[in-house]
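On the provided structure of chain A, position chain B as indicated by the hints.
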Amino acid sequence: MADSHEVQRRDFVNIVLVGIGSVIGLFIGIPAVAYLLSPAVKVQEEEAWIPLGPLDAYPIDTPTLFSYTRTKINGWEKTVNSYGAYVWRFGEGESDVIVYSNMCTHLSCRVTWEEDRSIYFCPCHDGRFNKEGEVEAGPPPEPLHEYETKVEEGILSIMHMEV
Amino acid sequence: MATKVITWLDERLGLLSIYELVFDRKVPKVNWWFTLGSASLFLFAIQGITGIFLAVYYVPDPEKAYDSVQFIMDGVTFGWLIRGIHHWGATLMVIFVFVHMLRTFFMGAYKFPREITWLTGVILLFATLGMGFTGYLLPWNQRAYWATTVGTAIAGTVPVIGDFILRILRGGTDLSAVTLARFFAVHIWFLPAIIIALIGVHMYLVVRLGISSIPKEDEEEPQEG
Numbered sequence: 001m002a003d004s005h006e007v008q009r010r011d012f013v014n015i016v017l018v019g020i021g022s023v024i025g026l027f028i029g030i031p032a033v034a035y036l037l038s039p040a041v042k043v044q045e046e047e048a049w050i051p052l053g054p055l056d057a058y059p060i061d062t063p064t065l066f067s068y069t070r071t072k073i074n075g076w077e078k079t080v081n082s083y084g085a086y087v088w089r090f091g092e093g094e095s096d097v098i099v100y101s102n103m104c105t106h107l108s109c110r111v112t113w114e115e116d117r118s119i120y121f122c123p124c125h126d127g128r129f130n131k132e133g134e135v136e137a138g139p140p141p142e143p144l145h146e147y148e149t150k151v152e153e154g155i156l157s158i159m160h161m162e163v
Numbered sequence: 164m165a166t167k168v169i170t171w172l173d174e175r176l177g178l179l180s181i182y183e184l185v186f187d188r189k190v191p192k193v194n195w196w197f198t199l200g201s202a203s204l205f206l207f208a209i210q211g212i213t214g215i216f217l218a219v220y221y222v223p224d225p226e227k228a229y230d231s232v233q234f235i236m237d238g239v240t241f242g243w244l245i246r247g248i249h250h251w252g253a254t255l256m257v258i259f260v261f262v263h264m265l266r267t268f269f270m271g272a273y274k275f276p277r278e279i280t281w282l283t284g285v286i287l288l289f290a291t292l293g294m295g296f297t298g299y300l301l302p303w304n305q306r307a308y309w310a311t312t313v314g315t316a317i318a319g320t321v322p323v324i325g326d327f328i329l330r331i332l333r334g335g336t337d338l339s340a341v342t343l344a345r346f347f348a349v350h351i352w353f354l355p356a357i358i359i360a361l362i363g364v365h366m367y368l369v370v371r372l373g374i375s376s377i378p379k380e381d382e383e384e385p386q387e388g
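Those sequence lines, one after another, are chains A and B.
Counting in the numbering used here, the first sequence runs from 1 upward without gaps.
Counting in the numbering used here, the second sequence runs from 164 upward without gaps.
These are calculated hints, taken from the structure and not from any lab test.
Do not take every clue at face value.
Interface residues of chain A toward chain B, partial, derived using beta-carbon atoms under 8 Å [what the hints assert, rightly or not]: (1) Pro31; (2) Ala32; (3) Ile119.
From the three backbone atoms N, C-alpha and C, an ideal C-beta is built for every residue, glycine too.
Pulled out of the complex, with its shape left as it was, chain A reads as follows (with noise of 0.2 Å):
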């Protein structure tokens, strides 16, 4: 009889001890685990509207360049990207405006627009794009990408666009 209380007693010790170990374990584990794994899960948000002022500010058939920076907080260091957007207005209207980016398809050089040949010109590897964005020569593989627009009270905004 006093044999198998204390064997009880062991027994009761035991289960104790694994469970008040285990709801430990866990208390670590779960921190633990979600601590390292945090900046894989975290994703930043990257989509905002640049406003670029008023649409009326810019002139009529000739794209006009836009620079903006981003600044892109990784852990302890910031990045600050800049970026460049070429505004078209092809007509009077709201809606009559598409926003280039400057980013060259080819290998993200930026291209430039020069009046006079009425030419995207990319200086890297001799990219040509028309105004409406279309390849001419050279090596990029496809037209300069698109922003999305939009225009609110007479001010034009775009989507920035990670390319």
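Just chain B now, with coordinates in the frame of chain A:
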């Protein structure tokens, strides 16, 4: 089934005899003061684990150290918890190790044959304080910077070689990026290595010699011849 697996493993590993030697050894009737060593060991393990986790995001560079700690606090899920445990665990460990030393001293447990246990314990106490001193600089905030400025300046007041000691601690005359880097290295490599090795010796001796019992009052006056 479980017994079969354990038997199979133990036939090859022979760990059960070590387990019995360590955990089923005879101990005198003792009290809660005798748990301080285990508590210190537990705290050291906690500090080691949380420290390894903090090293995932911490950067020992003056430009980034503070921001990386802020990132741990605000940007990483449960980062505040890991750093909080490391912060409070550090304070607790100094207290526990110190009281453990006091208990050993007042109960006379350092006497023959336990002198080497005591000596390794003293080095462990200093190593623990060293961990506190080096770890304090790492957040690279105002308190850390000035505490280390003062702390190293105090070391610099030693006669004759004081200035040399100060320059060794700071890695130059100024508290700089070099200081932060060497404090970091000492905090995560040098001292932990020393502490782990000495804990090994310390615990080997505890198991080998057994722990001393509580001194009894009637033993105060030794019997002559």
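Results for each hint:
The beta carbon of Pro31 (chain A) comes within 4 Å of a beta carbon in chain B, closer than 8 Å, and the hint placing it at the interface holds. Given hint, Ala32 (chain A) at the interface with chain B, holds; its Cβ is 6 Å from that chain's nearest Cβ, closer than 8 Å. Given hint, Ile119 (chain A) at the interface with chain B, is violated; its Cβ is 44 Å from that chain's nearest Cβ, farther than 8 Å.
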